[in-house]
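Protein chains in written order, with this note's numbering: chain S, 1 to 194; chain W, 1 to 441.
No wet-lab data here; the hints were simulated from the structure.
Heads up, some of the hints might be wrong.
As the list claims (entries may be wrong) - Below are the SDA-like pairs computed for lysine to any residue, each with C-alpha atoms no more than 20 Å apart in a straight line: (1) K115/S / T166/W; (2) K55/S / D96/W; (3) K40/S / V112/W; (4) K429/W / K115/S; (5) K429/W / M144/S; (6) K191/W / A265/W; (7) K425/W / T147/S; (8) K55/S / K429/W.
Claimed, not checked - Derived list of chain S stretches under chain W, where covered just means 3 residues or more per stretch with a C-beta under 8 Å from a C-beta of chain W: (9) 10-23; (10) 59-71; (11) 132-144; (12) 175-188.
Unchecked claim - Which chain W residues face chain S? A few, computed with CB under 10 Å, are given here: (13) D96; (14) M97; (15) I100; (16) F103; (17) C104; (18) G107; (19) I111; (20) W274; (21) E276; (22) S278; (23) R283; (24) H284; (25) E422; (26) Q423; (27) K429; (28) L431.
Since the model is a prediction, treat every value here as computed from it, not as a measurement.
Positions of the beta carbon are idealized from the N, C-alpha and C atoms, including for glycine.
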Amino acid sequence: MGSTNSTLLKIPNVEVLMQETGFSPAHIIRLHDRFKALDKEGRGHLCPQDFGAIKELAMNPIGDRIIGAFFSPGKEMVDFHTFVKILAHFRPVDKDRPKEPNSPELINSRSNKLKFAFQLYDQDKDGKISRDELLKVLRAMLGMQVTEEQLESIADRTIQEADLDRDDAISFEEFRKSLEKVNIDHKMSIRFLR
Amino acid sequence: MESYLFPFDSLICMLLGISFTVLFTLLLVFIIVPAIFGVSFGIRRLYMKSLIKLFEVSELMLSIISEEVWIIAKEPVSLEQEIQDMRRGGAEPEFDMSDIFYFCRRGVESIVDDEVTKRFTAEELESWNLLTRSNYNFHHISTRLTALWGVGVLIRYGFLLPLRVTLAFTGVGLLVVLTSIVGLFPNGRMKNYLSDKVHLMCYRICVRALTAIITYHDSENKPKNGGICVANHTSPIDVIILASDGCYAMVGQVHGGLMGVIQRAMVKACPHIWFERSEVKDRHLVAKRLSDHIADKSKLPILIFPEGTCINNTSVMMFKKGSFEIGCRVYPVAIKYDPRFGDAFWNSSKFGMVNYLLRMMSSWAIVCSVWYLPPMSRMEGEDAVQFANRVKAAIARKGGLADLLWDGGLKRGKVKEVFKEEQQKLYSKVLVGSSEDCSRS
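Please model the entire structure based on the sequences and the hints provided.
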């Protein structure tokens with residue numbers, strides 16, 4: 001316990017962080033180690049290149065969008081707190097945590113997980129996924145493997161199915177409705193062992 | 001006044017002289033002579049057993065358990081399966097907004113913990129072996145343990161390191177001198193015999209210089225002439241470990257300085273393959289020289305490390321196909337180091353060669369196991385890459401290492417576009433294959 005406590009003390013506002021995110025002390029420490037490992041130059045914050053150095057992420061078709069999700073618009077640095085808060089989106093939903101009536105919504109709630117996925121589509125953050133934005137995502141995920149016409153027809157079909165108010169874009173509510181039956185908790189959670 | 005100093009002076013000189021002589025005789029009798037004849041007194045194994053007892057003691061002292069090794073459960077489910085699962089109603093798979101979840105989750109998983117970065121930092125130990133260099137999770141815990149560590153430092157730096165450095169210089173010096181002498185002989189059986197003996201002897205001295213305790217398994221599969229020996233690569237010491245048990249022809253780039261001197265001397269005694277820097281780029285030239293060497297049955301088997309770079313001995317990475325295209329017998333060898341006694345992995349971005357060797361020589365010991373696997377040849381209809389992967393899997397299985405698809409070159413270079421394309425191809429196969437059915441109906 002001695003060694004774990006001393007590491008925890010080095011992280012500022014760690015109690016608040018644990019409260020907000022729901023990570024256990026052991027998880028916070030491990031995430032801190034990972035943060036330090038990614039922060040090769042020891043600056044105390046991460047920049048997009050540090051994420052880009054992760055090979056598996058560079059190989060991911062939407063890798064740069066995921067990296068973008070860590071940085072708020074205009075900022076080029078991510079500190080440890082922000083890092084942990086964003087990763088908290090991927091904690092599995094606590095089934096046994098009692099729902100307090102006046103508590104703020106948990107970061108890893110179904111709604112927040114959906115919001116995270118939504119922003120991967122909605123890059124200009126106007127609250128809607130336009131046809132153009134959808135096409136961009138499709139192009140990233142499929143690359144040269146399908147023709148432009150096929151991409152456009154897929155995009156058209158998707159918007160047709162999900163767009164309920166006929167404004168040729170998908171709002172967050174329409175997005176949520178179209179994914180009603182999907183087990184978000186399972187698909188957007190990372191299971192941490194121990 | 002001066003007359004008082006003289007007797008002390010000569011006394012000190014005498015003591016120094018005697019201790020040097022005694023030390024040198026001990027060295028000769030217990031280390032160099034056995035190395036020449038290839039026998040062992042078993043001193044190193046006794047040393048290893050006492051080290052193990054020491055580590056058990058230190059573990060008892062460590063009342064605090066190290067931080068648990070934290071792994072995230074990575075779903076072994078493939079892309080296709082995952083997308084099928086996500087479809088509601090079982091209709092033909094078409095693009096769904098939720099498809100992005102798969103890529104998103106995989107991306108974040110790799111941010112939290114990725115396979116490649118883990119392989120290029122030294123393996124983490126579960127308990128401490130009294131070397132601060134492997135002290136990742138342990139901070140000052142008890143005075144007794146620190147005292148034990150202090151004694152360890154004294155022994156390692158005060159006694160073992162000078163001893164080993166002396167042996168290393170002896171070994172290398174003898175190698176250069178003796179191979180040059182053997183080079184003066186006319187080509188023939190006598191020369192080959194002498195060259196083998198000289199090489200073996202010098203490598204054995206180097207093995208003792210590192211206090212390497214090696215266990216060879218399945219020696220009946222040792223590489224023979226006219227073949228290539230491939231092994232997984234953890235450090236430059238691999239060469240010494242393998243070459244002290246058999247004779248190989250080395251392959252490598254011509255270096256300057258001390259390495260160059262050693263290379264030039266070695267090649268006088270028996271044919272090794274040294275390439276100029278410019279020749280390395282020309283793959284055909286390389287392949288031709290290798291095949292020419294193999295075709296000559298009187299020449300020794302070639303020793304190659306197909307990973308191309310040093311990996312931290314927890315896994316085997318992609319084998320470069322060059323050596324597997326030649327079409328001769330391949331003798332795979334698996335090398336597994338025991339990290340408790342000293343971490344043999346050479347992190348070339350962190351340490352230079354000299355620094356690395358000093359670290360090696362100030363560790364407790366290098367303990368490893370070598371398995372000689374039965375020879376393999378390329379089968380009908382198998383291409384070089386498949387053959388390379390087959391050999392790699394056999395080596396990984398035998399050595400208890402993880403078999404990875406990743407290219408060791410990833411340590412330095414950027415991910416090739418082709419990997420991203422693979423992901424895109426997989427995903428499009430799931431979608432497009434089915435939308436063709438759609439358009440038909």
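Quiz item: Is K425/W close enough to T147/S, meaning Cα to Cα at most 20 Å?
Solution: Given pair K425/W, T147/S holds - Cα atoms ~13 Å apart, limit 20 Å.
Quiz item: Does the CB of L431/W sit less than 10 Å away from some CB of chain S?
Solution: holds (7 Å)
Exercise. For the pair supplied as a hint, K55/S and D96/W, confirm whether the alpha-carbon distance does not exceed 20 Å.
Key: Between K55/S and D96/W the Cα gap is close to 27 Å, so the pair fails against 20 Å, i.e. violated.
Quiz item: Is the hint on F103/W kept, meaning its closest Cβ partner in chain S is under 10 Å away?
Solution: It holds, given that the least Cβ distance between F103/W and chain S is near 5 Å, below 10 Å.
Exercise. May I ask you to test the interface hint for E276/W with respect to chain S, counting a Cβ-Cβ separation under 10 Å as satisfied?
Key: Because about 32 Å separates E276/W from the closest Cβ in chain S, which is outside the 10 Å limit, the hint is violated.
Quiz item: Against chain S, with CB atoms and a cut of 10 Å, does the hint on Q423/W hold up?
Solution: holds (5 Å)
Quiz item: Can the restraint linking K191/W and A265/W be considered satisfied, given a maximum Cα separation of 20 Å?
Solution: holds (14 Å)
Quiz prompt | H284/W as chain S interface residue, shortest Cβ-Cβ below 10 Å | solution = Result: violated, 31 Å to nearest chain S Cβ.
Quiz prompt | Given coverage of the region 10-23 of chain S by chain W, tested with a Cβ cutoff of 8 Å and a minimum of 3 residues | solution = violated (count 0)
Self-check item: Proposed proximity, K115/S with K429/W (alpha carbon, max 20 Å)
Solution: The hint is violated at about 28 Å.
Practice problem: Identify whether the interface hint at K429/W stands, where standing means a beta carbon of chain S within less than 10 Å of its own. | Solution: Constraint on K429/W satisfied, holds at 8 Å.
Self-check item: Annotated coverage of the region 59-71 of chain S by chain W, confirmed only when three residues or more have a Cβ within 8 Å
Solution: Since three or more residues must qualify, the claim that chain W covers the region 59-71 of chain S holds, with 6 doing so at under 8 Å.
Violation of the numbered hints given earlier is confined to hints 1, 2, 4, 8, 9, 20, 21, 22, 23 and 24; the remaining hints are satisfied by the structure.
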